[in-house]
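Trainee: One letter stands for each residue in the lines below.
2 protein chains.
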Amino acid sequence: MNKNLINFQKINNRYEEIKGLLVDTPLLQSDEINSLFSSNIFFKAENLQKTGSFKFRGACSAVSSLSMEQIKSGVVCFSSGNHAQGIALAAKLHKTTAKIVMPKDAPKIKIQNTKKYGAKIVFYDRDIDDRESIGEQIAHDENRVLIKPFDNYDVILGQGTAALQAINNLQEKEKNSQQKFDAAIICTSGGGLAAGSGTVLKFHNSDCSLYTAEPHNWNDHEKSFELKERFTINSQKHGICDALENPIPGEITFPINVKNGFRGLSASENSVRIAMQMIMRNFNFIVEPSGAIGLACLLENENLLKDKNVLIILSGGNIDRTSYNNIISGR
Amino acid sequence: MNKNLINFQKINNRYEEIKGLLVDTPLLQSDEINSLFSSNIFFKAENLQKTGSFKFRGACSAVSSLSMEQIKSGVVCFSSGNHAQGIALAAKLHKTTAKIVMPKDAPKIKIQNTKKYGAKIVFYDRDIDDRESIGEQIAHDENRVLIKPFDNYDVILGQGTAALQAINNLQEKEKNSQQKFDAAIICTSGGGLAAGSGTVLKFHNSDCSLYTAEPHNWNDHEKSFELKERFTINSQKHGICDALENPIPGEITFPINVKNGFRGLSASENSVRIAMQMIMRNFNFIVEPSGAIGLACLLENENLLKDKNVLIILSGGNIDRTSYNNIISGR
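Protein sequence lines correspond, in order, to chains A and B.
The opening position of the first sequence corresponds to residue 1 in this note's numbering, with each subsequent residue numbered one higher.
The opening position of the second sequence corresponds to residue 1 in this note's numbering, with each subsequent residue numbered one higher.
If you are wondering where the hints come from, they were derived from the structure by calculation, not from laboratory data.
Careful, some of the hints might be misleading.
For chains that are exact copies, the list does not tell them apart, and a pair is met inside one copy or across any two.
[Unchecked claim] 25 Å max Cα-Cα, derived BS3-like pairs, lysine-lysine:
hint : residue 1 : residue 2
1    : K19       : K173
2    : K120      : K306
3    : K108      : K10
4    : K308      : K19
Bear in mind the structure is a predicted one, so any value in this text is a computation, not a measurement.
All chains, please: the whole structure from these sequences, using the hints.
Mentor: Okay, structure coming up:
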């Protein structure tokens, strides 16, 4: 089988292998939100996934596919935080070691948790250093396998399991149910979740409309889909959506997302704030700003998806309470 | 089939009928909590159930079993809040009307939500009025079916679906897994969740140790199990666990819980506070004080359940953010 091919069957097979390690996160609905959009909005609550974000799926998939030899040498990755935590725990569960290259200004909670799972952290400066070359250097020097956060086939297979579970959740609700998602809004940093989950959603319903979700000033996917080529954001302005501040769609993920017909959406920080409040009000849980971007995009495009079954993946919940309260209250 | 009999088969059958309306809430674990107790603690997150608590299960089960005639006349119930919301939504989904008898000092969020689902509310004073006779009067005058919060066979069947899902969740984690819960801690107001879920847990593993969880000064189950008869708490002192302040075990539920070998645990408000913080730190979500009582009881009995698979049901999450913050910070 061609390793460099992402399809439903491969994602399904990988799911069977790793599902024992994953949380089957719930698919939640709210009357308030359904009424607001005159639609059936389903939230896949990946903030409740192990390590607090969907990134554990890809990390787990990648680490589970290593050879015995590779497990002996360990892994290395670079990440603003959620992939780091995912890799750290996946490495621990597979009894290997992990070294993580993280920005020195990553949210404290993400740094603490990464340490908690026993990984070693190497800090870098987001505005000066090139995290990719630091990661490659470590991989070379210590013979570790570099697991990139999105441009990695095994990671993409893992990220596809989020949509796979969501479809199972939807159909389990009724016996012999043939319900399908008519649309999905999926946040993108490098586009791994979109690539994996988009592939599953299109396989299940070829008419499913797919949208990426990004902050306005980090909308490289939105621009790239318009231009039909990978566009680089030059912004150095960091905002509240730390997990989505990747300047260019992935080399591997972008063609997959184009093939699946993704279109781009983006939203302001204020919409993200409102979305976070709405999620707390309806589900009583915290999502990090990046985790609320899908709903934020829908808030800015209220009439986009009427009378449809819409999947929104709440991608993560890793934010400390002080930062959360500050963001929610606009401080 | 004897209506007045609660067993696994009946709970399983009822689950097949209503599962399309329920959220399959996730079974969550935390390394921190597992290490603390040297055990495998599984949290069933019923704060993510529809209406924010497990009470929707029983309400849904009871309303789904009504005749066409009864659906026409509507239902009535009395509740401090979570059963009220459950009945209100279950009535709405089954296209019938609900009248709810609620204490006038019930948490605002519970009153608001009950109204939101379209139910009519009749307020009473917890220290003066007898909610049961108010409910019976309305049932008589308006020909409504009174659905009691725990002393109702259909409600108990519905509450059993929480443990049923938890066992499914546990076993789905690995193919052909024979994993079992060795113990469970289940909060009790009138004992409906304990009666339904305890029956399922004992059917699945007859060696499963079952514990009820209550606040120290509302520990009627703990006392009743010791005395081997239903004991009434005379305390009028209301605390933070509003959902658990029922003075005496149910008439129907108590013999079931005795038969299943339940023992009683109780905890202080301070332990509840610590448990709520621990849950927020590990899962990033809010549980109401009553929802954290199971973990609070384990905190006060740290060595009770070493090296076991322990189920704790986080029963609900209905608390407004101001009250939550006040309680968490001990105000």
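Trainee: Flag every earlier hint the structure violates by its number, smallest first.
Mentor: Going through the list in order, the structure violates hints 2 and 3 and respects the others.
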